[in-house]
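Could you build the full structure based on these sequences and the hints that come with them?
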Amino acid sequence: MAYQEKVINLGNVVEVHKYINGRLGKKEQKEKAARERATPEEQVKWQGKEATRKVWRLLRDPQNFRPGDLWLTLTYPAKSTPDSETVRRNIKEFLKRMRREYKKAGKECKYIFSVGRGKRGAIHLHMVLSKIDTELVARHWQNIVNKGSWVHVHAEHLDRSQNWHKLAAYIIKNGEETFLSDDPIIRKRFSSSRNLHTKKAKAHTVYAKTWRKDPPERKGYYIDKTLSYSGVNQYGYPVQYTVYVKLEEGKSCKS
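In terms of the numbering used here, the sequence shown opens at residue 2 and continues consecutively.
Cβ-Cβ distance ranges computed for the label pairs, FRET-style: (1) R100 <-> E51: 26 to 34 Å; (2) S231 <-> D184: 32 to 40 Å; (3) N10 <-> P41: 30 to 38 Å.
I should point out that these hints are in silico values taken from the structure, not numbers from a laboratory. Don't be surprised by glycine CBs; every beta carbon is placed ideally from N, CA and C.
This is the structure we're talking about:
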């Protein structure tokens, strides 16, 4: 049998994505895949998981973000329910002003964000932004959405653990509030600056006698079972996704 294997190595975390696709699959595998193909609802969930992995990959790349960068929640005035076009204009203006601030400071503006809309129409943004004075962030946002009057802007710093998968999932979940609605504010689950570094996967075809159910160990790493899984993809083909995390010095897989 033959399958594809993609490896993305960022040093402290290695992702190994092993799967059979339609091009490589044999007749019996294709027939089985057709039977096990995901429902439209399951496909949406699968696409959400893929988007979460993309955001997580961008977040943990040290060329993009580091501990100390900002995790922001930007809101609108209470009981305000701006339409989608207004929100898009506000975001565009905010990013334009922030780029100016970064340029003045001799820094590069990098960001990832999503826009959520609550059941009552309240809008909020979740954003990861390169480190800068949070007073500038609040002032520009408040000037844009509330004529300079106070509006809640919450800022935290990315922690040193760099275990930001939950953060990535939160960004995607927030974005799906509007992306999956009849009136999407942005026509994708998340938006990011064009200057983010993207680590390319190394892909190759593997020829083997059988599909190995358990992923192999990797020296100096442990398998994060909370993020790894085996099963079938949205097209019904076998898939195995394994996340290897680098062991701290002096620790073993059993510690």
